[in-house]
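S.K.: Taken in order, these protein sequences are the chains called A and B.
Going by our numbering, the residue at position 227 of the first sequence is 243; the numbering climbs one at a time, nothing skipped.
Going by our numbering, the residue at position 18 of the second sequence is 34; the numbering climbs one at a time, nothing skipped.
These are calculated hints, taken from the structure and not from any lab test.
Don't be surprised by glycine CBs; every beta carbon is placed ideally from N, CA and C.
Treat the hints with caution; some may be incorrect.
As the list claims (entries may be wrong) - Partial list, computed: chain A residues near chain B (C-beta under 7 Å):
hint : residue
1    : VAL217
2    : HIS236
3    : MET239
4    : GLU243
5    : VAL263
6    : SER482
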Amino acid sequence: MTVPTFQGNDEQQALAAEIFQLMVLQASFYADDALIRQTLDNLAAFLAEKHKREPDAMATSIEEAIAVNTAVFRREEAEAATYYITTRRGVPEPLPVDTSHTFAQRLYEPENPLPVDDISVVVSTTRPTLTTVEPVYISDYWQRASDTAPAIADAAAAAPVVDVTPSTVSTGETAAAEGAADAAVAVPADALADSPAVMTVAGGVPVDLRHDVADILAQHGDMLRAELASGIDKDPLRQMVRFGNMVLPEDRLINLGKKDLGRIRDDISEANEPLLDTVIQADVYNQQVGENEAMRFSLNYRLGREKDFEYVGVVGANLWSLKTLPHIGTRNVKTSEMAQFTEYLMQGYDDSLQERPLATIAEEGFVTHRLSFFEWANGVVVLTAALNALIAQPLLDDQRRAVLRFVMPQDAAAEMLVEVRYPVGSRGGWMQGFDLFFNDFLIAGAEITIARTEEPHVYTIIYDESVDGQTRDVLVPDEKKNRFVFEEVTYYCQVDLALSPDQASFPQIRNLKALPMSDRRRANTVLRHVIETLGEAVGTATEPAYRITAQTAHTGFNVLRPASLPYITALLNDNQYVQPADEAGVYVFAPPLNMPDEADDADDTPPEDDNSDE
Amino acid sequence: METRTILFGETALDILAQWLREQGEPRTLDDVLQKYLEILRDIALRETEQA
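Using the sequences provided together with the hints, build the complete structure.
M.R.: The following block contains the structure:
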């Protein structure tokens, strides 16, 4: 703060300085240029008492002192009193207001703002419904424009426009024929550059818009569908929102508050199983199916962003679960272990389509599957290509599991919930939760038939009971002693004996060790144990050797983990200590005496972390 | 006259959103894709004529 210089005689200067200090003290928290006001009466009363003088005389002295210091004080006459005005800067006038660039002006910049009917893209009139921060994507245009200008020209020359004509669109033609057709109807590169009718799809694929929409869809439908979904998700203005394969304008979303979520949570908890969105809508909002589709969409969209809700539906049936609902299926096998056990399905060893092709399965809507010992004992069914073609697919891009309802017509139409784990990358899929049904009605090797119903998340499961009761000593797990034993069982279902080991056919199979699941991850370790247990010893004490058929190895292997016969055959052929015998389908395993357990599994996948839900 | 580049997934999304608003309820991605291609095609053909 600057202290002004006061005028007048010594007494007047001292008094003016004292008054200034008083007024500045009064305005300690004022801005430097804010006006400070004080009345003559107040000043005279205070200073008279301080200096032991008469108030009137002091008032006269004050007026005289201030009259010669008009550069610091301004005098104002009001009806009731006389005011003296100054500022902390010692100047009795405020600073002029700077109006060169106001907030009001900035509101109207730039000169051509968005039109009023588009203001919704800038200012939302609804409360945000999201609890998570959504990323703002930068248009791919800038990325492309920055460094691909020459590349586009090159790409245009190298990758001609696909000219979609009805004659080239034929779903029955082979891929090779389609490729030839694509190449044959190329448009010159210069036409690409000049024609505004050619649009660019992400990845640089040009599509000629001069053709009918139906033709474009027939040729590029899948790619364009994926690109449009991506475009909607990445739109920085977020004009539309998407849930699965449904789209709604963002401003049509209905907000769900915490109370709504609490009621939905209670609804699912009370049912103690995943619920359809239509059921939740009816329970919580008393709205019937089709009555308010925007509400149904909003419900799904909002729940999809809540961490304690989980989508477990499929295409055509939106099911919602809670993390707190009971676990479905076995806990004997961890998710990561099952994922590894089923890798053979993704490695080309899936033989499930040998009997019936995909088209037949899709048309007839059922699949017959023979349970391996492992599947029967753990209540799981591996998701072979045949079953994967039958089972409804996940709706969401990153969805890994779904919950299906299986009806058992042979058990008074009882129902059970089954969890589907879809294949991801190199890992196969499976279904789990059949434990009770398998144990109550079936044995290993039983033939089951799974069929679709009209509802996409409901299936039936039956077994062929058109056989008379059979009694055999079949292999069963003795979980208390962690081993396998034979037990006399009478059953009434069709059984594949190759997958149903019994005492008569495989008396040594009960000597198989119930290896820990972590050890079963190593396929060659399991195979070696199976061969040494079930194979015929043909070597000596110093040079051990075992003779075994691929079929026997397949039966024994399936006790410990699931596998197809082609997979077992491949394992045998790839094993350096196994040689084919003279007879077809027979192998001889001759391991070195000091062969370590892990030596034959050096290339196997290392164990991975479990899923959090285990 | 300057013609604009049509970028699939970016160009005319506002027109598509307006059409979707007029529908009054959610639509499938297939429906939206069909309409989007019609919109883009109209733009492309109009600009071709003007060019």
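S.K.: For every hint, state whether the structure bears it out.
M.R.: Consistency of the hints with the structure:
Annotation: VAL217/A was flagged as interfacial toward chain B, and the flag holds, the nearest CB pair being 4 Å apart, inside 7 Å. Taking 7 Å as the C-beta contact cut-off toward chain B, the hint placing HIS236/A at the interface is violated, the least distance being around 9 Å. Hint status for MET239/A relative to chain B: violated, with the closest Cβ pair at about 9 Å, above 7 Å. Evaluation of the GLU243/A hint against chain B yields a held restraint, the C-beta minimum of about 5 Å falling below 7 Å.
Because the beta carbon of VAL263/A sits about 5 Å from the nearest beta carbon in chain B, less than 7 Å, this interface hint is met. Of the supplied interface hints, the one on SER482/A is violated, with its beta-carbon coming no nearer than about 43 Å to a beta-carbon of chain B, more than 7 Å.
Hint compliance for this structure: hints 2, 3 and 6 are not met, and every other hint is.
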